[in-house]
Amino acid sequence: MKRKYIFVGFCIALLMTILGSTVILADWDGPYTDIEGHDCYTGYGCAGYIVQWAEWEEYWDEEEEEYTQYKILTDGWGYIEVDDESDAPIKVEEATLYDYNDNPVGLPPTQSWYDWVYQGYWWYENYPFSDKVLTKPQQNDWTSMDWCFVWNKVLGGWNNPLDGMQFFYDTRDFLYHSGLWP
Amino acid sequence: MKVKIIAAVGFLVMSVLAIVVIVPQIVASTDICSPEDMVYEYLQRLKSHQWDEAYNMTSYQFQEKIPVEAFSHDLESSGFADNLVYFNIGNTVAEDNEAEVEIDFTYLNPGAKVPTQGSSSFSLTKEQEGWRINLPWEDFLAAKLDTQAPLAVSQKNGVSVSIQYILLYPETQLTAGRSRIRLDIKNESNHTLRWEFPISGERESYIKNLNTGEMYLPVSGSGAMGKKAEAFYINFEEGPPLVLTAAPGTQGSVFIYVESIPVTVKQFDMVLDGFSFPEVDGESWDITFSSVPLYFDVAPTG
Numbered sequence: 000m001k002r003k004y005i006f007v008g009f010c011i012a013l014l015m016t017i018l019g020s021t022v023i024l025a026d027w028d029g030p031y032t033d034i035e036g037h038d039c040y041t042g043y044g045c046a047g048y049i050v051q052w053a054e055w056e057e058y059w060d061e062e063e064e065e066y067t068q069y070k071i072l073t074d075g076w077g078y079i080e081v082d083d084e085s086d087a088p089i090k091v092e093e094a095t096l097y098d099y100n101d102n103p104v105g106l107p108p109t110q111s112w113y114d115w116v117y118q119g120y121w122w123y124e125n126y127p128f129s130d131k132v133l134t135k136p137q138q139n140d141w142t143s144m145d146w147c148f149v150w151n152k153v154l155g156g157w158n159n160p161l162d163g164m165q166f167f168y169d170t171r172d173f174l175y176h177s178g179l180w181p
Numbered sequence: 000m001k002v003k004i005i006a007a008v009g010f011l012v013m014s015v016l017a018i019v020v021i022v023p024q025i026v027a028s029t030d031i032c033s034p035e036d037m038v039y040e041y042l043q044r045l046k047s048h049q050w051d052e053a054y055n056m057t058s059y060q061f062q063e064k065i066p067v068e069a070f071s072h073d074l075e076s077s078g079f080a081d082n083l084v085y086f087n088i089g090n091t092v093a094e095d096n097e098a099e100v101e102i103d104f105t106y107l108n109p110g111a112k113v114p115t116q117g118s119s120s121f122s123l124t125k126e127q128e129g130w131r132i133n134l135p136w137e138d139f140l141a142a143k144l145d146t147q148a149p150l151a152v153s154q155k156n157g158v159s160v161s162i163q164y165i166l167l168y169p170e171t172q173l174t175a176g177r178s179r180i181r182l183d184i185k186n187e188s189n190h191t192l193r194w195e196f197p198i199s200g201e202r203e204s205y206i207k208n209l210n211t212g213e214m215y216l217p218v219s220g221s222g223a224m225g226k227k228a229e230a231f232y233i234n235f236e237e238g239p240p241l242v243l244t245a246a247p248g249t250q251g252s253v254f255i256y257v258e259s260i261p262v263t264v265k266q267f268d269m270v271l272d273g274f275s276f277p278e279v280d281g282e283s284w285d286i287t288f289s290s291v292p293l294y295f296d297v298a299p300t301g
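Those protein sequences? They're chains Z and R, same order as listed. Under numbering that gives the first Met the number 0, the first residue of the first sequence is numbered 0, with each subsequent residue one higher. Under numbering that gives the first Met the number 0, the first residue of the second sequence is numbered 0, with each subsequent residue one higher.
It cannot be assumed that every hint is accurate.
Computed Cβ-Cβ distance ranges for the label pairs, DEER-style [unchecked claim]:
#1 Z:TYR117 to R:VAL242: 23 to 29 Å
#2 R:GLY200 to Z:TYR117: 16 to 22 Å
#3 Z:TYR117 to R:MET214: 18 to 24 Å
#4 R:GLN43 to Z:TYR117: 32 to 38 Å
#5 R:PRO247 to Z:TYR117: 31 to 37 Å
#6 Z:TYR117 to R:LYS265: 16 to 22 Å
#7 R:ASP268 to Z:TYR117: 30 to 36 Å
#8 Z:TYR117 to R:VAL297: 20 to 26 Å
#9 R:CYS32 to Z:TYR117: 19 to 25 Å
#10 R:PRO114 to Z:TYR117: 24 to 30 Å
Residues from chain R shown here face chain Z by an in silico Cβ test under 10 Å; the list is partial [said to hold, decoys possible]:
#11 ASP36
#12 LYS46
#13 ASP145
#14 ALA148
#15 ALA230
#16 PRO239
#17 GLY248
#18 GLY251
None of these hints come from the bench; they were simulated from the model. Model, not experiment: these values are computed from the prediction. Just so it is clear, CB atoms sit at the ideal spot from N, CA and C, and this is done for glycine as well.
With the hints as extra help, turn the sequences into a complete structure.
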């Protein structure tokens, strides 16, 4: 009989543990974007390696009474290395979100100027994002979220800087880990 | 005799006519270029690395913002000239003092088998002596700040720190105004240098307006840049504060932000705290700058 109680107690404890874990896991909703390091080869002859990291959270729209937007949390960062044999330096911009039609959404191109990263150099920047709210991806499809923060200057003298985003067109297959989108 | 006189007068008249009619056309064809001609000449000069000559074809508005050294540095480092294979002048839309010239171009990426084709356009403005290429100065700001002389240099314990630039980010609807500062750090000592980046809001590192005594404190955001081959690095997955480690003989750049410095500030003092040699005594020391004249650029707002 005593064994039976112990067994039932054990089962209850096990059940509580599983339930507790589930609650904790469920509580972790942390929509975030984690772009893994990639080798990047641009259409313009630049070569390098890039890592970007940022955290997101949903933003409750009071008027719409639903989650309609995302907010970038502070302390996102970007890192890039430019190969010695890269044919051009690379200019790094603040993260910009693009929709399906390649229109920048959310972040205006303000404060988007940074230094050139030359061949054989690495660059790191911690983004002081805060209170910035981004438009939600179309139809909640995470693939419409496209980070672009690097552009190449080679044709910059005559192109709109945003045209230089080909650097990232090659990297749209970045894996996004997200609590929202499995 | 009469015939000879008529012939002579006729020759004279024709000569005068020739001078009056043809010479101005020749002058016009060489001195007063069309917008298309200007763009063609400009690109030809870029292709042949004639940076100074190309710069002289740009608008005065552009030249006021960007010096020729920055223009040359930018184009030289971009490798632009060597990769542009072919260009063709397209449509032109010209009004009184403004013109837009479209171009098609072929661009061969090194290592690529197939050239890239594209199209773009140049904006021109008519100034006193003719058309000039009006380039977006924002594209050359980085090169300008790279090539200009530092605002100030300070040394202590074999460590040299120079303030390469201060760039003002204006306040926008979404972001607060702030000032970006690039510091170039060179460790010429025999010890490994450690530097803790300033922490937002703390007063150990600051900029001080010499006239009013007002202080501008660090705010969030930071960065660094260095050579891949050198032991000048930060462990950016740890912190705050971020920590820079610089082996003897290495150098690199760091970026910090302070509160928005008003344009009225003409001279400042600066204190950077948090330097140390861990392998010696680990004691923290600071580097100071005194009475630095402040010239700063304003970041483009898009």
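Any hints from earlier that this structure breaks? Give me their numbers in increasing order, please. Hints 2, 3, 4, 5, 6, 9, 11, 12, 14, 15, 17 contradicted; others consistent.
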